[in-house]
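Asks: Protein chains in written order, with this note's numbering: chain A, 54 to 127; chain B, 146 to 363.
Just to be clear, a hint being listed does not mean it is correct.
What the hints assert, rightly or not - List time: in silico EDC-like cross-link candidates among lysine to aspartate or glutamate, alpha-carbon distance up to 16 Å: (1) Lys-88(A) x Glu-336(B); (2) Lys-354(B) x Glu-66(A); (3) Lys-353(B) x Glu-66(A); (4) Lys-317(B) x Glu-66(A); (5) Lys-354(B) x Glu-84(A); (6) Lys-317(B) x Glu-280(B).
Said to hold, decoys possible - Interface residues of chain B toward chain A, partial, derived using beta-carbon atoms under 10 Å: (7) Gln-162; (8) Arg-163; (9) Pro-164; (10) Ile-166; (11) Asn-242; (12) Gln-250; (13) Asn-289; (14) Asp-293; (15) Ile-294; (16) Ile-351; (17) Lys-354; (18) Val-360; (19) Pro-363.
Just so you know, these hints were derived from the structure itself, not from any lab. Note that the structure is predicted; figures quoted are calculated from it, not measured. Each residue gets a CB set at the ideal place from its N, CA and C atoms; glycine is no exception.
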Amino acid sequence: MCNVETIEIIINEDGTMTSDATGIAGEICEEELQKILGALTDVNNAVLRTEYHEPSAGIKAGSAKTHQQVGAGD
Amino acid sequence: MPCNRGYITNWNWTEAQRPIIDLRTVYLALKKLGIMWNEAPQSLNNWHAARNSLTSSQKVAQRIISLSRLANLVNEIQILNIPQITLSNGMILSWRNGSYSIGKQERIRSGQQTQTGAEISQFVTNFDAAYASIEIEMQNELDNILEDIESGKSQLAAEEIEAHRARIDSEKNALNKSRQQLRETRMKHVETVGETLGYAIRKQRIGKKIKYVLVRNP
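Excised from the complex, chain A in its bound form:
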C-alpha cells in the first residue's frame, strides 16, 4: 500500500503562508513544494521544523513554519 502524500498550505490574512507535508520524503518534499510554491515564495529559504532533521521512521513527514516560506519533510 502506498502512503498518501498530503500537503497542507495555509494562507494567512496578511498573505503569508505556512505549510505542512506528510508522506513525502525530505528532498522530494522540497522539490514538490518548490513546484507548488516556488513561484510565490523562496522555498529554499524555508525555516524547517525539527521533524525535518529527525531520522525517518515509517511514514516520512515534516514541515516548515515561517512567515512566507515553506519547507519540507525529512
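Following the hints, put chain B in place on chain A, whose structure we already have.
Replies: Just chain B now, with coordinates in the frame of chain A:
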C-alpha cells in the same frame, strides 16, 4: 566593447520574510535605510511631502486640505502599476505574483561562486526590518489618531474629524486591498498548480485564514 567571453550574467533573487506589497511602506523603509528609489513616482514624493507637512501648528482649514490631499494621494498610489523599482544600491524590487522580490544582477566568470548572494541576503534582512518597523509606525499613527478622535481627547471640529477619518479609511483600505490581492493571487496559484500536479484539493476557511489540503496517491 568589453569582452564577455568566459563570463556569465546572473540574477540573484531573494524573498523578504514578509510580503512586500505597499509602495508607501517601501518608500519610507528605503528612506530609513538611506537608499534612493531611482525615479520614484511623483505621487509618492507628493504623498511624502504632504505627510510631513501635516503638523498641529497648521491652521484647521489648512490641515483639512492636507488631510484630503493625503487621502487622494493614497488612492492615486494604490492604482500605480510598478513592475520594477530600481534602487541606488544597484538592487531591484520586482513585482512577482502579488508581492515584490529583491534582486541584483551580477557578472561572474563561468564556474565562479556568486558574489552578490551574501550582499542581497544582508540587504533583504535590513529592508525587512525597516519595512516591518515602518508598517507598525504607520499603523500606530492611524490608531492613535482614531483613538484620540473616539475618546474626544483631540477636541477637533467635526469637519476635521471627517477629514481624519477619510484619510484613515483610504490608508486602511489601500493596505487591505493589497493584502486581498496577494491572498487571491496565492490562492489561485495553489489551486491551479496543485491541480496540474494531480492533487485532489480541499479548501477550508478558518477564520480569516484559508487552508488548502492537497492529497495525492503516488
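Asks: For each hint, tell me whether it holds in the structure or not.
Replies: These are the hints, each one checked on the structure:
1. Between Lys-88(A) and Glu-336(B), the direct Cα distance comes to roughly 13 Å. Compliance with the 16 Å bound is thereby established for this hinted pair.
2. Note on Lys-354(B) and Glu-66(A): the hinted pairing holds, with a Cα-Cα distance of about 6 Å set against a maximum of 16 Å.
3. Simply put, Lys-353(B) and Glu-66(A) have alpha-carbon atoms about 6 Å apart, close enough for the 16 Å limit, and the pair holds.
4. The suggested pairing of Lys-317(B) with Glu-66(A) holds, with an alpha-carbon distance near 14 Å, which does not exceed 16 Å.
5. Simply put, Lys-354(B) and Glu-84(A) have alpha-carbon atoms about 25 Å apart, too far for the 16 Å limit, and the pair is violated.
6. Among the hinted pairs, Lys-317(B) with Glu-280(B) is consistent with the structure: their alpha-carbon atoms are about 12 Å apart, no more than 16 Å.
7. With a cut of 10 Å, the hint placing Gln-162(B) at the interface with chain A holds, because the nearest CB-to-CB distance is about 5 Å.
8. Proximity of Arg-163(B) to chain A holds as hinted, the smallest CB-CB distance being about 6 Å (cut-off 10 Å).
9. With 10 Å as the threshold, the beta carbon of Pro-164(B) comes within range of chain A, its nearest partner Cβ sitting at about 5 Å, so the hint holds.
10. At about 7 Å, the closest approach between the beta carbon of Ile-166(B) and any beta carbon in chain A falls short of 10 Å, and the interface hint on this residue holds.
11. Taking 10 Å as the C-beta cut-off, the interface hint given for Asn-242(B) holds, the closest approach to chain A being about 5 Å.
12. For Gln-250(B), the shortest C-beta to C-beta distance to chain A is roughly 18 Å, which exceeds 10 Å, and the interface hint is violated.
13. With a least beta-carbon distance of about 21 Å to chain A, the hint placing Asn-289(B) at the interface is violated under the 10 Å criterion.
14. Given the 10 Å rule on beta carbons, the hint for Asp-293(B) is violated: about 26 Å separates it from the nearest Cβ of chain A.
15. Annotation: interface hint on Ile-294(B) violated; nearest CB of chain A at approximately 25 Å, more than 10 Å.
16. Nearest Cβ of chain A to the Cβ of Ile-351(B): about 8 Å, under the 10 Å cut. The hint holds.
17. The closest approach between the C-beta of Lys-354(B) and any C-beta of chain A is roughly 5 Å, which is under the 10 Å cut-off, so the hint is satisfied.
18. Here the hint on Val-360(B) is kept, as its CB sits about 5 Å from the closest CB of chain A, short of 10 Å.
19. At a threshold of 10 Å, the smallest CB-CB gap from Pro-363(B) to chain A is about 5 Å, leaving the interface hint in force.
Hints 5, 12, 13, 14 and 15 from the list above are not met by this structure, while the remaining hints are.
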